[in-house]
Amino acid sequence: MTSVEIEQLRVYLYVIGAGVVTVIFYYYIIYLYRSEKKGEKDYEKYGKLALDDELDSEILEKNPKLENDKKE
Amino acid sequence: MQSNATLEYDYSIVKLYMWTAVIFGIVGMTIGVLIASQLAFPSLNYLLGEYGTFSRLRPLHTNVVIYGFTVSGIFATFYYVGQRVLKVSLAESKFLQALTKLQFGLYLIAATGLVISLGMGITASKEYAQMEWPLDALIVVIWVIWGIVMFGLIGLRREKTLYISMWYYIATFLGVAMLYLFNNAEVPTIFFSGGLGAWYHSVSMYAGTNDALVQWWWGHNAVAFVFTVPIIAMIYYYLPKESGQAVYSYKLSLLSFWGLMFIYLWAGSHHLLWSTVPDWMQTMGSVFSVVLILPSWGSAINMLLTMKGEWNQLTENPLIKFMVLASTFYMLSTLEGPIQAVKSVNAIAHFTDWIPGHVHDGVLGWVAFMIMSGIMHMSPRVFKREIYSKSLLESQFWIQTIGVVLYFTSMWIAGITQGMMWRAVDEYGNLVYSFIDTVSVLHPYYTIRAVGGLLYLTGVFMFAFNVFKTATAGRRLEQEPRYRSPMA
Amino acid sequence: MFHWLEKNPFFFAVGVFVVIAYAGVIEILPNFAEKARPVKGLKPYTVLQLAGKEVYKKDNCIACHSQLIRPFKSETDRYGHYSLSGEYAYDRPFLWGSKRTGPDLHRVGNYRTPDWHANHMWNPKSVVPDSIMPAYKHQFTNVADLETAYAEAVTVKKVFGTPYGPDIAPGKAAYEKELKTKILPEALKIAKRMKRDDLVKMVEAGKVPEVVALVAYLEKLK
Ligand code: HEM
Ligand code: HEM
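Quick note, the sequences are listed as chains A, B and C, same order.
The first sequence begins at 9 in the numbering used here and counts up by one.
The second sequence begins at 916 in the numbering used here and counts up by one.
The third sequence begins at 16 in the numbering used here and counts up by one.
If you are wondering where the hints come from, they were derived from the structure by calculation, not from laboratory data.
Any given hint could be a false lead.
One side only, chain A facing chain C, incomplete, derived with CB under 7 Å [what the hints assert, rightly or not]:
1) 18
2) 20
3) 21
4) 26
5) 36
6) 39
Cβ coordinates follow ideal geometry from the N, Cα and C atoms, glycine included.
Work out the full structure, taking the sequences as your base and the hints as a guide.
Structural data, given as structure tokens:
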């Protein structure tokens, strides 16, 4: 490839990349708000993770991978 | 596994990194004050012979505050916050626990090597990547260990969802890892020359303009992933925890995260405006820098709104003061940065003191404030003692705030003055000022900056004293405080 | 998709990584071929000049001096023609700098002389009374590390194909020869132009002071 072609390719990749990223990003915004409206998720409750962070604090959502955890 | 009753968070590694943060903070900023004073009073260059000139000491300052102070702060807070938001103790895995100790040992070796080699003038000479290859290799090992511990803890976690701070720590780990490897790619000369010359010497894989691009891709993102991303991780934990208020909008925090990740990486070329890198790339660097205001302010405003209805805490609790001012300074530097990234502004600002001004309203007002308040918040918990003195903390806050303000206002004026003088022409189009005119004019501002720096450093000493006294002489606490840190 | 990412830290990490890497690859990699081409007539640094560049790095002149003339009239009037990408083709690492506490040096060889440098490095105030630059007297007694500079020349020749002649080859013997036939004579010339007997004597004794190497390097910046 000549350097001009490389340069063009790069600009294309760049524009496409920026476009894809923007779409994903806006989709994510919509996803966040919609899933909360539909009642599927409650993001705001995760804010509590910083506040209730003792080893014996109540666990918000248990990690399923730790089945044989003796804690419970 | 240990039984429930005795299982506690393991803070031993946290304490070690807290101490190194304090010590490197003192060392690095003492050198900072010295070099600031050298610019105002050049005779101070001769205190240590060959080793004491401004030019030798400047990289020592930047490296000690970045890789010593800031990185220690990042590790200390990570090992604290990480355990807590994942609800898993390092004590649960002897393996991870041992790795953290190993990491700390290697870190001390690397830090010592860094100080000695830079002092001797052994340097690869790329900004923020000055270390020569043997040290670079050591850093990689340290970083990999951090990654193993991080993902190890995540694997053991009890809480399924990762709190937002963890996201930022993960991004720090990955971002630095990738950029560091690229930028430090270098060829040791001893292997190719039949064993000639110094064993630690190397040449960069890249030459000229390419080297500059890689370097500032790194340099910019070192700023991003060392001075911004992990510090945001800190504020998302410490401010809510200290104030007892959940973060104002968790959704906004997620959006700001992705926004930052998407945009930051494109903005690196704003360090190379008007240079020989391609025009379109410079333009993109400018544009993305301006867009970068959005996610940056997203996080900062989120923090300020977290205090909604609780502003009384601002007057009652000096730690809240530190953190609120930190997010305000973050807003200031992320507004100032994009302004400097506009090409016509950069034409004046680049190469002048306005850039160090911008750097230090960020690092002093935001980075160092956050690290110090994080350490203060952790002290009563890891030492199980009350913070030694509230009034000391309160005075530290005011002294340092004045220090920062003196620093950046003087550098703004100095930078813009000098930038304008460099380009001033008379009616015939001839340059008005010789270069040295534009240096002499800066003397008062350099003096003010040195005074500001001295005030800030005084605050750092007060802080160190306070932490030390807390650890040794604070009133013992029966129970771990839940939100607000107790102080005498 | 997002829900799943939030719950799977591993893939989350991969996601972050891809986002970061994509930007990097586009921003940097394809640039390489083009920008590495030297301008016509550009010669690689001699070993003495490379040793001087090491002194420039060691005493970290880059802390205060840039080597990048931007395309503004105010800069070209002051320093000369604006910098071209191809002029840096042999600069490993690049030494553009980010702060201009002192003036730009990219073309300093055009308007300063070795004896000016000698006075200036010994005591900057003797030639620029208001200068805030430190004196670098130790460079007049410290001996430059020519062997490492030579090792660097061999390395860049082998690894990056920098066009050095056949004389630049690995091993002690080749180095000794280069030292006698090229490096020392070049250093002697510079030392004489610096008009200081102590420097000339040192070079004649086979030891090149750091400042001589440094000035050889500064003279090359044009
Ligand atoms: C007492 C506090 C401090 C003082 C007095 C101080 C002073 C200075 C001075 C005089 C310079 C050189 C500027 C120039 O070349 O014109 C500098 C550079 C720098 N300092 Fe500090 N500093 C302080 C604290 C810090 C802290 C806490 C950090 C980071 C956590 C930091 C990071 C940096 C960086 C990154 C640079 C390089 C800036 C650039 O290349 O544009 N400094 N500092
Ligand atoms: C929206 C966010 C930001 C943008 C767009 C931005 C933009 C810039 C620009 C344009 C420069 C000057 C490059 C030059 O002309 O040499 C710069 C330098 C710098 N900024 Fe920022 N900035 C931002 C935030 C921050 C923050 C929060 C910090 C740290 C706390 C920071 C630390 C630095 C440092 C250390 C440098 C100096 C690099 C050097 O020359 O050594 N920036 N930034």
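Here is how each hint holds up against the structure:
{"no.": "1", "hint": "18", "verdict": "5 Å, holds"}
{"no.": "2", "hint": "20", "verdict": "10 Å, violated"}
{"no.": "3", "hint": "21", "verdict": "5 Å, holds"}
{"no.": "4", "hint": "26", "verdict": "9 Å, violated"}
{"no.": "5", "hint": "36", "verdict": "6 Å, holds"}
{"no.": "6", "hint": "39", "verdict": "5 Å, holds"}
Figure legend: structure checked against the earlier numbered hints; hints not met, in rising order: 2 and 4.
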